[in-house]
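> Next come the chains, spelled out residue by residue.
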Amino acid sequence: MLLEFNGVQKAFTDTDGSVPVLRGVSFGMEAQQTLALTGESGSGKSTLLHIAGGLEQADAGDVHVCGHDLRAMDDGGRAALRRTDIALVFQQFNLIPSLSVAANISFQARLAGRDDPAFRDHLVGVLGLADHLDKYPETLSGGQQQRVAIARALAAKPKLLLADEPTGNLDETTAATVLDQMLALVADTGAALLVVTHSPKVAARMDREFHLAGGLIT
Amino acid sequence: MIWACLAALLSHWRRNPIQLFAYLVGLALATGLWSGVQAINSEARASYDAAAATLGEGQFDQLVPRQGNVIAQETYVALRRAGWLVSPVIDAPFEGVRLVGIDPLTSPAGLGPTAGTDALPMIGDAAGQLFATAETAQALDAHARVIVDAGIAPGVAVGDVGVVQDVLGRTDLSRLIILPEQPMTRPTLADIAPDLRVQTAQQTADIGQLTDSFHLNLTAFGLLSFAVGLFIVHSTIGLAFEQRRGMIRTLRAIGAPLRMLLVVITIEMLTLAALGAVIGVVLGYVIAALLLPDVAATLRGLYGAQVSGTLQLRPEWWLSGLLIAVLGTAAALAGRIWQIARMPILASVRPRAWVMASGRRLRWQMVAAVALLGAAAVLAIVADGLIPAFALLACLMIGAALALPVLAERALSSMQRAAQGPIWQWFWADTRQQLPGLSLALMALLLAISANIGVATMVSSFRLTFVGFLDQRLAPELFVQVDTAEQSNALAAFLADKNLETLPLMSTQTQVAGLPVRVFGVRVGPTYRENWAFLDALPMAWDKIARGEAVVVNEQLARRADLWTGDRVTIAPDLVLPIAAVVGDYGNPLGQVVVSETVFDMLYPGQTPRQFGIRTDDTQALRIEIADTLAIPQSAMINQSAIKEMSLSVFERTFTVTAALNALTLTVAGFAILMSLLTLADLRVPQLAPVWALGLTRRRLGQLELLRALALAVLVFVCSVPLGLALAWVLLSIVNVEAFGWRLPMFLFPTDYAQLGAYALVAAVLAALWPALRLMRTPPSALLKVFANER
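Same order as they appear, the protein sequences are chains A and B.
Numbered continuously in this note's numbering, the first sequence closes out at residue 218.
Numbered continuously in this note's numbering, the second sequence closes out at residue 1791.
Keep in mind the hints are simulated off the structure, nothing from the lab.
These figures come from a predicted structure and were not determined experimentally.
Built from N, CA and C at the ideal position, the CB exists for glycine as well.
Careful, some of the hints might be misleading.
Said to hold, decoys possible - If you want the footprint, here are the derived chain A segments under chain B, 3+ residues with CB under 8 Å:
id : stretch
1  : 50-60
2  : 74-80
3  : 104-117
4  : 121-131
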């Protein structure tokens, strides 16, 4: 099992006190599988994704990623796992503004120590970024920025790609193109993909779909 | 609507108290530093003026007793009747206060209370009273009626000579001031008052020059602290505006008129600026009060106990502090208001936009920097007068500050290209991105470190030069002045018997190259050869002078008459000699020519030396022996080693004040960095969160933030060293020449600079420590907000 959640609970504290978001989520994901996670706004989809990426800690339950027990790892261990085995794509693109497109794309791969120029060129070619390598993120359109984010994530050849509304900020045509390209490349690299989405169209393109409601998988 | 908009604008500060703190404290520190230095300067000058006004009789020749310190009233009357225009002074300690009695009718204009006005306060209603500061008055309340006069030097009470005699229970006098205007003919002093001798005013000249150097030092500090303060004010206002771009856009979008918004923002910012300025003035008062005892001690060393260690709230410095803060704010505000007025309603509200300085802006900045530095170079060549010299300082400092971001950009860009590994490449790229946001704080740091290097170089060069000068001029341990040729001959014979090295000094006033100069005849010996350091000299200069084949001129004459080593100078109508050496002369405004004893005898035959420098191992014993054997009064003999000691201790005090101001400037610059980093911290989260998500721990990111501050501080320090040295050069070689007519040699102090560099790095790291720790402790949830669209 590449990703495994067992009875995972998570609550947040706000002015009304503790608000449970995940109430005991359990599910598993095999390598090279694609999975869509849908649900209402505020249902805890992003929280689940963040816990899977080691960005946030579960309050209770077990989380295993690539054979590692995330709850038993410290901050440094989880950071190392993100460098090597997990990659993230966000709705807001979240590129590094001070680096050029080329440097952004190679950044995580170089952090992971597995920069492969030929593969990087392949990604750049497939995603149509060849003319933008010397530019900076702020000069690109939303669709172009998301392609750079996908290239950065996949250039590191991760085992698990976590994407949070990857097409949520794009128009319908661009969203379709970007999704096609992302799925093709995920298949190419053999990574597993967990996508958080509101879009039924995106969910329909995945191998499996889970729905999160009331803090539980339904 | 106005109140609604104002409430909305003010709500920003409520939600961001650190930014409000940064704005107020930035303004307060800038104002505090400026008004603190101004307070010290104005207090020192006021004390100096008060001292000059009440005790300024030192600027006149005086008659003093040959033995003891009392002159009979009858002697004064006899002199007046004989035509001598003298004014009586009684001067004695009483209850810890120096009581000075003068005659308001005969004393020279400008002495006494309310000097400089036409009023004669000691006559009329105030007759029979003493004048003193409030502090001094308390000590005398029981003994005389005292009128409080802030213009009197501290620790001194001045009154009519009769009143002071009554208080002291005396009927005699201490000395007589010789008025500048005297009748054409009058009997000789020996005929009327053989017990008195003339003490010339000349010996105060050294002190005046030292004092002016001290004030120059403080004035330079005032100017530099103003520049540092202005950058901080500009930086804090810039940050406060950028943070509220979004709010301004929203207010305009919902219908707030642009003009009303601009007025409300101006009122809000100026009100806050006034509040910050008031805090700053109070802070300046505290700074000055803490430093003033040292300044007072320094000036006390120069003048005697005449400088108050307490501070008065003088309008000139607190008003200037308020004015600087409000003008600085208004200048920074004008640019921002202009930007808002031109900003389209739907302009980008990304606060990051302002940090991304466009290449065009950087280019303009570089053009301005080159223009200012070019103007500085032109002024360095053609500057004539103090105002162009200070304009040169301003061009140099502002030009260099403007050039800093451009140079730093280039340096960081090179580092990025040379970096190996993704983290270091990102580190340098990210540092480049922070540069525009930090540039004003870095400029303030640049000015602070350069000022420290420049002023430290200036003060240390002063010290080295003056120690050398004192060694040169005060080498003979005992200095004796005699009144008659008989005394001169007797002293020469006495000293020859003792086999002591004697340096008889003969001098006369004349004109050389059309300028008034004093010609000195000296006996060239080992003391001159070993102690006189020339600015420029021909080989074997002293040999040539000893043989009567050449002369030495001082720097003042060399500069004014453009006469340098090798040039020939007409000493007398039939005597033209080459200049063998030019000597630095820091204690005298006049030109001087030094010739050998033989040449002097030939030019002015029949003169006997009236001044003798004597080398001795036991100054005190020799002094007593001369007084006992030759009846030369103790007051005519000066222990030069004691003067040297006092002068050196004055410099030590100057160092203390300089070091304290250095530390203060550096602290303020460190604070500017801290505030910039804290304000940028919120903007940093979206920049750092992706890097954290990609696998760098918060701890590592925090360490890198510290390293970034260190790297920037190193960069700034590297730029500060040449700028600081240029500043020192301008102060020593241009400002000093314009102010005093002589150029101070510049010495370098690499160890001091390294130490300053270390302090600057520590200040930068300390400033970055809090933001870095905050980053290390940022909860993941705060970083995740950057990515999260929902939970």
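> Each hint: holds or not?
Structure-based check of all given hints:
{"no.": "1", "hint": "50-60", "in the structure": "holds (count 5)"}
{"no.": "2", "hint": "74-80", "in the structure": "holds (count 4)"}
{"no.": "3", "hint": "104-117", "in the structure": "holds (count 6)"}
{"no.": "4", "hint": "121-131", "in the structure": "violated (count 0)"}
In terms of the numbered hints stated before, the structure departs from hint 4 and from no other.
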